[in-house]
Amino acid sequence: MEFAFTKEQLMFKQEVIRFAKKEIVPRVQEFDLKEDFDVESFRKLGEFGILGLHFPEEYSGGGADVVTTVLAGEALGEAGVDGGLTLAYGAHSFLCADTIFRHGTEDQRRKYIPKLAKGEWIGCMGLTEPDAGSDVASMKTIAEKKGDKYILNGNKMFITNGPVADVAVVYAKTDPKVQHAGISAFIIEKGTKGFSAGKPLIKMGVRTSLTSELILQDCEIPKENILGKEGEGFLMAMQTVEWDRSALLAPFVGATRYLLKKCSDYSKKRIQFGKPIGSYQAIKHKLANMRIFVEAAHSLVYRIAWCKNQGRPLNHLEAAVAKLFVGDYSLLPSNDAVVLHGGYGYCHEYDVERIFRDGRLAPIGGGTSDIQKMIISRLI
Amino acid sequence: MNFDFNQSEQTFLKELDTLLKGINCKNIDVNELLKELAKTDYLKIEISPFLMAAMEILSSYTQSLFLSIEVSTRIFGRIISNFGNDNQKQTILPGLFDGKLIGAVALSEDSMNIDNEPLKTKGYREDDFIIVNGNKSYVVNAGIADYFAVAGRIDDKDAIFLIEKGTNGLSVSDRLHTIGYDGTSISNLYLKDCKINETNVLYPKLSAIRMWENQVLIGATLGMMKASFESAKNYAKTHKTGGKPIIAYQEIGFKLAEMLTTLQTSQLFAYRSCWLYGIGDKEADIVTYSAKVFCGESAEKVASDALQILSGAGVLCGNPAEEAYRCSKYAQIAGTSTEISRVKIGDAALGRL
Ligand SMILES: Cc1cc2nc3c(=O)[nH]c(=O)nc-3n(C[C@H](O)[C@H](O)[C@H](O)COP(=O)(O)OP(=O)(O)OC[C@H]3O[C@@H](n4cnc5c(N)ncnc54)[C@H](O)[C@@H]3O)c2cc1C
Ligand SMILES: Cc1cc2nc3c(=O)[nH]c(=O)nc-3n(C[C@H](O)[C@H](O)[C@H](O)COP(=O)(O)OP(=O)(O)OC[C@H]3O[C@@H](n4cnc5c(N)ncnc54)[C@H](O)[C@@H]3O)c2cc1C
Chain A
1073 MEFAFTKEQL
1083 MFKQEVIRFA
1093 KKEIVPRVQE
1103 FDLKEDFDVE
1113 SFRKLGEFGI
1123 LGLHFPEEYS
1133 GGGADVVTTV
1143 LAGEALGEAG
1153 VDGGLTLAYG
1163 AHSFLCADTI
1173 FRHGTEDQRR
1183 KYIPKLAKGE
1193 WIGCMGLTEP
1203 DAGSDVASMK
1213 TIAEKKGDKY
1223 ILNGNKMFIT
1233 NGPVADVAVV
1243 YAKTDPKVQH
1253 AGISAFIIEK
1263 GTKGFSAGKP
1273 LIKMGVRTSL
1283 TSELILQDCE
1293 IPKENILGKE
1303 GEGFLMAMQT
1313 VEWDRSALLA
1323 PFVGATRYLL
1333 KKCSDYSKKR
1343 IQFGKPIGSY
1353 QAIKHKLANM
1363 RIFVEAAHSL
1373 VYRIAWCKNQ
1383 GRPLNHLEAA
1393 VAKLFVGDYS
1403 LLPSNDAVVL
1413 HGGYGYCHEY
1423 DVERIFRDGR
1433 LAPIGGGTSD
1443 IQKMIISRLI
Chain B
4 MNFDFNQSEQ
14 TFLKELDTLL
24 KGINCKNIDV
34 NELLKELAKT
44 DYLKIEISPF
54 LMAAMEILSS
64 YTQSLFLSIE
74 VSTRIFGRII
84 SNFGNDNQKQ
94 TILPGLFDGK
104 LIGAVALSED
114 SMNIDNEPLK
124 TKGYREDDFI
134 IVNGNKSYVV
144 NAGIADYFAV
154 AGRIDDKDAI
164 FLIEKGTNGL
174 SVSDRLHTIG
184 YDGTSISNLY
194 LKDCKINETN
204 VLYPKLSAIR
214 MWENQVLIGA
224 TLGMMKASFE
234 SAKNYAKTHK
244 TGGKPIIAYQ
254 EIGFKLAEML
264 TTLQTSQLFA
274 YRSCWLYGIG
284 DKEADIVTYS
294 AKVFCGESAE
304 KVASDALQIL
314 SGAGVLCGNP
324 AEEAYRCSKY
334 AQIAGTSTEI
344 SRVKIGDAAL
354 GRL
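As given, the protein sequences belong to chains A and B, one line each in that order.
The first sequence begins at 1073 in my numbering and counts up by one.
The second sequence begins at 4 in my numbering and counts up by one.
FYI, nobody ran anything at the bench for these hints, they're computed from the structure.
There may be inaccurate statements among the hints.
DSBU-like, lysine-lysine: derived pairs with alpha carbons at most 30 Å apart [claimed, not checked]:
(1) B:240 / A:1333
(2) A:1334 / B:208
(3) B:285 / A:1085
(4) A:1295 / A:1271
(5) A:1079 / B:285
(6) A:1340 / B:285
Please construct the entire structure, taking both the sequences and the accompanying hints into account.
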């Protein structure tokens, strides 16, 4: 057992941090306040090679291994990139593009992956519905086969990148009589008749990622737009969990590193009662808890990444453990970071209130903490 | 990066578990258990993630003997093997590793935390000898030890005075009755004009000894959590109310999920801190303090949750969760306490103020 990153991986992490600090972080506050998606930053992620990092080079990807890919997500958080952009990246590269890459035909791969990897197109994934969240199998969206077409009807809810996406992977029931086994996955492009996105939802955090409903009203797509075969959709959704529990969690770990640095810098400068507040044990206590969270979460996240790198099937127990830990335990450090900054912490300028708000998604998105507990308690 | 133990390590861990399953750890003393362990490589494992995994197994069977054995072989043993002379190594080490000799390490004094207070135990020179005076608190193995490694000061330097049982002026208090560790001999130690040879003064870094102690305590917490979790899980699957095993109720099933999450997080944390220490990483100390805080507090919580699940069965003395619950406090106090650890971690985050 050993936990070392390679020299190349560590160098790459530093490169990502430098890139993000220079090209992305300066605009983060502005876009969070505007509650707007920062297209320019997104394209830059594409140009730098982050969006397609793990895809083979022949599809305009970076050919990186899983651990390096996860490290890039951590680096974005550590550099100070907001949770909205990292979520938009996660939904795009893993929930959407990776599903097409893994389950698509060669034609589908050639058509979508290079565009998505370069950031020319934006992707999203629609699984959740207004009345079906944790209980995925109760989804109502239907895909009916008529001749050489599928006709889709239904609504998807809380879809990251929904309002800006050029292509969506959408899950729908091809056989409403059965539960999980009735779900199939489809590729739907923007502009398809009967397919539209709702207005962006106003959210507590991750505000630079736009979230909306997807509306499917007699939406007609060629039958070739199915991913894999009918009934395979649920498995595909489950396979994205590997990324969800590694690459999408890593930015939260990185963000806590960022908080720790911010808080430590602030504690040295802020003088109260004639001394820097960092000289008080109560402040050190908070800094220590941030560090402890980072070190604890680190190994859980990279265990999932490393196992995926080895080509192992996902260990659902370990995945749920990682998600539950990061989701629940990341809340305390971001709360402490706000309090440590006093009144300034409550104001936008100091970043900590944004990270506090962004972090509240961790125990909800991609399966709530309760659902992780349900999975774990069934597996033990 | 590699999150697996290799084949031979895995085999060893299985065999150790099987060996311990066959021993009734409540009816056996330290020397006897040491003789059993001496048949394996347990006592020879270097500081590594594998060591933590092995410690977890032993401490899941017996907290009391685990602490006694680790203090004697791992902490006292390392002091001799790293800082002793050839003669000391030859006379002491073989006995330590086959259960014939027991060692104790006395660091703490009345304000016990050596991180905070300068040590009051002192040696001075008289002819070719060293005369040692001082009082030591809460010394594990004190009542059964053949050798004591006593921390103190001489010539304005930190030192370890190696003192043999029976030395004039050395006395041991009655056994202290502690909340946990009912099977461990813990007493205070008094040194009045103890006369020792100059060769019995060793000069290790006391902070290194504290770190070994911290690692042992982390290993102890893993066993506490494992034993607590396993007993609660087995009970929850078999004990029924309302016609269902209680694990089927979310209040119980979800508690077990949280416990397992904490256990797995602690395991990886412990393994990684030990790995960093083993490769001499500059962050090793801080990550070890971090792991110790996390694992120490987690052990109390996991044991407490286990008691909640075991309910009536849990409050009966003698079950593993009850033992773990009582011992868990110790892991937060002994070694570098959680408070001092947090201060050190905070200091490291701040750098120079
Ligand atoms: C910002 C944001 C972005 C998102 N992006 C996407 C996306 O891109 N694509 C997508 O498909 N989805 C997305 N989601 C949806 C997300 O995955 C769901 O919100 C999540 O799975 C929870 O579902 P729900 O909101 O319907 O809550 P519900 O399932 O209705 O749950 C409500 C509450 O009940 C609890 N609960 C539910 N069932 C049980 C049970 N059996 N036992 C105990 N407790 C239970 C839950 O833990 C929760 O606390 C996004 C959500 C947000 C907020
Ligand atoms: C069962 C048992 C067995 C033991 N076995 C051994 C042994 O074999 N060998 C040995 O050498 N020692 C042993 N010890 C002693 C143990 O190492 C000490 O108890 C430990 O070092 C902590 O000291 P203390 O908290 O008891 O005392 P104190 O240092 O007085 O601390 C009291 C409280 O104040 C906190 N505190 C103190 N100073 C600060 C500060 N500057 N900032 C913030 N908080 C502070 C502490 O964390 C603690 O909560 C044993 C103890 C017990 C209970």
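> Which of the numbered hints are not met once you compare them with the structure shown?
Replying inline: Those not satisfied are hints 1 and 2.
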